[in-house]
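Go by the hints and put chain B onto chain A.
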Amino acid sequence: MSPAHYIFLAVILFTIGAVGVLVRRNVIVIFMCVELMLNACNLAFVAFARMHGNLDGQVVAFFVMVVAAAEVVVGLAILMAIYRARRSASVDDASLLKY
Amino acid sequence: MTTLAATGVLRASWLLLAFPVFGAAVLLIGGRRTDKWGHLLGVTMSLASFVYGVIAFFTLLGYNAADRSRDLHMYSWIPVAGFQADIGILIDPLSICFVLLITGVGSLILIYSVGYMAHDRERRRFFGFLNLFIAAMLLLVLSDNYLALYAGWEGVGLASYLLIGFWQHKPAPPVAAKKAFIANRVGDVGLSIAIMLLFAEFGTFNFGPVFASAHSGGTGVTTALGLLLLLGACGKSAQVPLQSWLLDAMEGPTPVSALIHAATMVTAGVYLIVRSNPIFNDSPTAQLAVTVVGAVTLLVGAIIGCAKDDIKKALAGSTMSQIGYMILGAGLGPAGYVFAIAHLLAHGFFKAGLFLGAGSVMHGMDDEVNMRRYGALRKLMPYTFVTFGLGYLAIIGIPPFSGFFTKDGIIDAAWEKGGTSGYILAACAIVGAGITAFYMTRVMLMTWYGTKRWAGGPGGEPHPVRGGPGGSSPQGDTEQHPHESPWVMVFPMIVLAIGSVGAGAFLIINGRLQSFLAPVVGVPPTSHGIWTTPGAIALALSLLGVALSWFMYGRVAVPAVAPRGSVLTRAARQDLYGDAFNESVLMRPGQWLTRLSVFFDSRGIDGLVNTIAATIGGSSGRLRKIQTGYARSYALSMLIGAVLLVAGLLVVRL
Chain A
9 MSPAHYIFLA VILFTIGAVG VLVRRNVIVI FMCVELMLNA CNLAFVAFAR MHGNLDGQVV
69 AFFVMVVAAA EVVVGLAILM AIYRARRSAS VDDASLLKY
Chain B
126 MTTLAATGVL RASWLLLAFP VFGAAVLLIG GRRTDKWGHL LGVTMSLASF VYGVIAFFTL
186 LGYNAADRSR DLHMYSWIPV AGFQADIGIL IDPLSICFVL LITGVGSLIL IYSVGYMAHD
246 RERRRFFGFL NLFIAAMLLL VLSDNYLALY AGWEGVGLAS YLLIGFWQHK PAPPVAAKKA
306 FIANRVGDVG LSIAIMLLFA EFGTFNFGPV FASAHSGGTG VTTALGLLLL LGACGKSAQV
366 PLQSWLLDAM EGPTPVSALI HAATMVTAGV YLIVRSNPIF NDSPTAQLAV TVVGAVTLLV
426 GAIIGCAKDD IKKALAGSTM SQIGYMILGA GLGPAGYVFA IAHLLAHGFF KAGLFLGAGS
486 VMHGMDDEVN MRRYGALRKL MPYTFVTFGL GYLAIIGIPP FSGFFTKDGI IDAAWEKGGT
546 SGYILAACAI VGAGITAFYM TRVMLMTWYG TKRWAGGPGG EPHPVRGGPG GSSPQGDTEQ
606 HPHESPWVMV FPMIVLAIGS VGAGAFLIIN GRLQSFLAPV VGVPPTSHGI WTTPGAIALA
666 LSLLGVALSW FMYGRVAVPA VAPRGSVLTR AARQDLYGDA FNESVLMRPG QWLTRLSVFF
726 DSRGIDGLVN TIAATIGGSS GRLRKIQTGY ARSYALSMLI GAVLLVAGLL VVRL
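Chains A and B supply the protein sequences, listed in that same order. For the first sequence, counting from 1, position 86 maps to 94 in the working numbering; every step adds exactly one. For the second sequence, counting from 1, position 388 maps to 513 in the working numbering; every step adds exactly one.
So that you can see chain A by itself, here it is in the shape it has in the complex (with noise of 0.2 Å):
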């Protein structure tokens, strides 16, 4: 199997991930395009990896899931003092921090 598939799996991917980012307003489901975003990035870099011949790729692969792990637990954490402030979990209502 050529690489070009993964590839193009991979972009389709991030696109679904970045179009779920920009216009969905629920943050649980923002989170997961997030993660889906990041996981198109993780198989470009395997299969990249794969095509090279090199271990760059899944090494930085486990890196972006670390970070990823992190981003969650972080991310929840936030979302849950928000949740529990505002009872809402919409991005739209919490706009308070602008100009």
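These are calculated hints, taken from the structure and not from any lab test. Note that the Cβ used here is the ideal one computed from N, Cα and C, for glycine as well. Certain hints may be false.
[What the hints assert, rightly or not] One side of the interface only, derived from the structure: several residues of chain B facing chain A at Cβ under 8 Å:
#1 R158
#2 G636
#3 R747
#4 Q752
#5 T753
#6 G754
#7 Y755
#8 A756
#9 R757
#10 L761
#11 L764
Frame of chain A, contents of chain B only:
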């Protein structure tokens, strides 16, 4: 003339300066602790300087005429390569004349002030300032170089400022003090530029080397130097066009008017010109300018003196006029120098005497200065009347009093200059003599003769409670009790009156002053007797002036309120529009300039800066709206940014 090093007694000539400096320092630093004996210390220090001056004078007389110029080197100021400023004291016939005048008349006026300022709580400070003035004036005349002369020049300006504004609680004196200071600044700029030019040209400040090489600089340099020195002299000596400050300076206490603004400081300009005689001798243009300034001022001052009802201002106009004579004499070259100095010395006596007399009248009349409120005072103040009268005879040049000899010397010198300019100058001087006789007779008649125009009984008993000259004495219609002043004030007036009578004859007859000053200022090219044609014309005109004055002020009663007067009278009351001229030509354009600058600053420069700031602020305000607070819009902008970045990279790569 060569300058020798000071020897013997003259090695201590720094004492001349040290005494008054010490007095001023103790009185001004010591403050109220010295109130009780401060005036005595002031008088003592001045007298000490006078005694040393007399000793130095006789020491100098003991030398040969050619060896009478003695220099005492004090120290070198900032001795570096290329800049050598040796500060020293020069005792020569010219400077010793001034030393005797300053310390002699100064001491007399200080003694007078003991009585005159007796009721003033600030008497100690007054004596401190007067000692400061004497020190600065001595530095001015004793310096052997232009640099220290300039320091003394500024010092007397400061002392004059402090003393004009001495009564700070009144509104007018501080204003007059500021006016005097600023008018003097104009002249001082001229003097300072002259000194810089002098150093650039000759490489030294010292009189000896400068005068030795004055001729080598070329006429252009000496003319420029002469005109700049003349500007300095105009400021200090209240000559046209910088004359306006002297009349206002009469706001100061009367002893100050007598010492600083009649006898000594205002004659510093004459000293400067006579001292710099090698420079002026080399430049006929500068000399002509000096004579023109002198002739114009002597007429302007005399005309102003005719119209003033304030006795001190009438005398101030007279001072301007008499200094105009001296400046005129100094501008005539070797023919006039000695007469300028002779007139200066005689004027120091009779004008100081007249001012002290005026002060004595004010003292007895509760500080009334308006002569229209005087009249018939001669019986009540006999000593003041006699001394004032002798000063009057001296100033109008009645033989054998002082002014006759010294003023006629100047008139003769102008006459002998010849040519159109000489005759015009002599005519001005002769007419000036006539006007002098007119206004001085007017002062005499209005003050001493006629009917009394003041309120109060005819008695001469001393007033028990009286405000000091600085105190808030009741003015207006309260009763006045004119009385003779105490002895401490009468004594100096008597001494000065003796000087007014004899000084001129003593200095001029047998050419005493002429041969004494010859090593410094040269010898007049022509010599003549006492009686000359122009002198006789001047005397005739003076008598005419006296007669005219008697017809106007003696024969008829003087109205207590000034009549409207002719056009000339009204112009003279306004100081011949000197202030109006300064105001419209200098002050208003200056104000316009400042307003224009302020406008340009606030609208132009501030406007530009504010516009830039407002533009940045406004656009920032609009740009700020992008910060909506919606996380998804930030995500979109990040996406767009990332896409642009990738697109840019691709474009560059391809």
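Exercise. List, from low to high, the hint numbers that the structure doesn't satisfy.
Key: 1, 2 and 3
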